[in-house]
Amino acid sequence: MGAGHAHPLHLPRESVVHRLPPQIKIVAAFLGVLCVVATPREAFPVFAGYLAVLVGVWVAARIPPGWILRRSLIEAPFVVLAVLLPFTGPGPQVEWLGLTLSEPGLLGAWNILVKGTLGVLTSLTLAATTPMRDLLVGLQRLHAPAMVTTITTLMLRYMEVIAGEARRMRLARLSRGHDPRFLWQAGATARGVGALFLRSYERGERVHLAMLSRGWTGAMPVLTADTTTRADWVRGLAPVGIAALLAVTGWVIA
Amino acid sequence: MPVAPPSLLVRDLLFAYPDGHQALHGVDLRIEPGERVALLGPNGAGKTTLVLHLNGILAAGAGSVEIAGLPVEKRHVQEIRRRVGIVFQDPDDQLFMPTVREDVAFGPANFGLAPADVAHRVTEALAAVGMAEHTDRSPLHLSGGQRRRVALATVLACDPEILVLDEPSSNLDPVARRELAEVLLGLGRTMLMVTHDLPYALQLCPRSVILDDGVVVADGPTRDLLADRELLARHRLELPFGFAL
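Going down the list, the sequences are from chains A and B.
Just so we're aligned, residue 1 is where the first sequence starts under the numbering used here, counting upward by one.
Just so we're aligned, residue 1001 is where the second sequence starts under the numbering used here, counting upward by one.
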């Protein structure tokens, strides 16, 4: 299912994790991140434990760690902020390699870095094992508001249609001598964005008519039968159980 | 034996848009079960406006529309929309779900069919348009002709009393155009086809209706209407270069 919606963060594999119903994976990822966030930043070994749990999931899902790590670079811009903290934070100061660093700043940076990284790695694991379409099915089964699932479902379908339209408009501009490298031609690009918005808006109205014509009443019909078992939940939430134990350990040792 | 009511009965239909533009000036149209009728007319004649009245998206200012004896009214709009299957001009508007299967299932599921029946309808409808092997693909990755046939399947899956096709041949290459014609002829369903493509109308519809300026100005065998060059010229219609009847 979901062929043709392979997003760049998805890694199709045959594995226990891939086969889990999507709603379990969403719940597990959410609770897992909660555990990480709730852990005191001074409980250093616990964070290594979280990483070990994730590595365990990757092994079960047959995802090469390098594949995930490359994609986790998405976090880089946020790291910059964290790196600044030791230099700008308040005292007391510590000396390290001739640099004077703020101790609370260092801890703050560590806190952002480790929790952010674990959060990104968890999300990437969810994305790698669940196609976009299934994520939506999962949200629907978790009773996310109908408006949200409807909008996301339509977005999934129309993103590429709109991107195609934008491409054609850009070609039309270029064919008539438009060169967006020149600043004074930025206006044409801006108007193009405006026109694209109007086109998409009109398409939205036509899609709405087509939906009404086929009996749309305000919510996406549920089209895939839910065959989730208790065993699925137990399997899917097992890593979260370990994470919860780790979080408790963190509170005890910190 | 009781006589079946006409699939479509439009009586003295009047409609004005909120901005005051009077689009329909009293349209009368009767289509019997099994008929295939082409609705011809220049741009701005009111064809689309008429189509949107057939399933209750627009409400008549005066006059009435009945689908197989059931009047188009707010209280049974859902049943009306099941009975009238509109295939819109741009398949990208019609196919809004992530996969072909989900799109074809959308209508029957909304009309309250049980999941097993929905699945059955999906299989049947896709088989009827020759797209059974593309069930799990995204509409994005289909050709124009394939999209058009899936759009048709989304409507067939609702088992409509009458199929309404808006410019079915637009943007199709000659082969896709012919394949679609073969599919449409093979369905054996009541059909109203809105089109500018006069040869296509001749190929598919024994009867044609010309709508201009909000009224029906001609109604008869397609071949007779298309042979009347004066009539066509009066209503901004003409056969493509090289065609003569």
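If you're looking for bench data, these hints aren't it; they were derived computationally from the structure.
Every residue, glycine too, gets a C-beta built ideally from N, C-alpha and C.
Watch out, some of these pointers could steer you wrong.
As the list claims (entries may be wrong) - With the Cβ distance kept under 8 angstroms, some of the chain B side facing chain A (calculated, not the full set):
#, residue
1, 1031
2, 1032
3, 1055
4, 1058
5, 1059
6, 1088
7, 1093
8, 1105
9, 1109
10, 1134
11, 1154
12, 1158
13, 1219
14, 1223
To be verified - Ranges between beta-carbon positions, derived for each pair:
#, chain 1, residue 1, chain 2, residue 2, range
15, A, 30, B, 1070, 46 to 52 angstroms
16, B, 1136, A, 167, 22 to 28 angstroms
17, B, 1174, A, 184, 30 to 36 angstroms
18, A, 184, B, 1124, 21 to 27 angstroms
19, A, 34, B, 1119, 19 to 25 angstroms
20, A, 249, B, 1120, 50 to 56 angstroms
21, A, 176, B, 1071, 48 to 54 angstroms
22, B, 1076, A, 175, 48 to 54 angstroms
23, B, 1124, A, 198, 37 to 43 angstroms
24, A, 12, B, 1070, 44 to 50 angstroms
25, B, 1124, A, 170, 24 to 30 angstroms
26, B, 1062, A, 218, 28 to 34 angstroms
Verification of the supplied hints:
| no. | hint | verdict |
| --- | --- | --- |
| 1 | 1031 | violated (18 angstroms) |
| 2 | 1032 | violated (23 angstroms) |
| 3 | 1055 | holds (6 angstroms) |
| 4 | 1058 | violated (10 angstroms) |
| 5 | 1059 | violated (13 angstroms) |
| 6 | 1088 | holds (5 angstroms) |
| 7 | 1093 | holds (4 angstroms) |
| 8 | 1105 | holds (5 angstroms) |
| 9 | 1109 | holds (3 angstroms) |
| 10 | 1134 | violated (10 angstroms) |
| 11 | 1154 | holds (7 angstroms) |
| 12 | 1158 | holds (7 angstroms) |
| 13 | 1219 | violated (26 angstroms) |
| 14 | 1223 | violated (32 angstroms) |
| 15 | A:30 / B:1070: 46 to 52 angstroms | holds (48 angstroms) |
| 16 | B:1136 / A:167: 22 to 28 angstroms | holds (26 angstroms) |
| 17 | B:1174 / A:184: 30 to 36 angstroms | violated (45 angstroms) |
| 18 | A:184 / B:1124: 21 to 27 angstroms | violated (59 angstroms) |
| 19 | A:34 / B:1119: 19 to 25 angstroms | violated (38 angstroms) |
| 20 | A:249 / B:1120: 50 to 56 angstroms | holds (54 angstroms) |
| 21 | A:176 / B:1071: 48 to 54 angstroms | holds (53 angstroms) |
| 22 | B:1076 / A:175: 48 to 54 angstroms | holds (51 angstroms) |
| 23 | B:1124 / A:198: 37 to 43 angstroms | holds (39 angstroms) |
| 24 | A:12 / B:1070: 44 to 50 angstroms | holds (48 angstroms) |
| 25 | B:1124 / A:170: 24 to 30 angstroms | violated (42 angstroms) |
| 26 | B:1062 / A:218: 28 to 34 angstroms | holds (30 angstroms) |
Hint compliance for this structure: hints 1, 2, 4, 5, 10, 13, 14, 17, 18, 19 and 25 are broken, all remaining hints hold.
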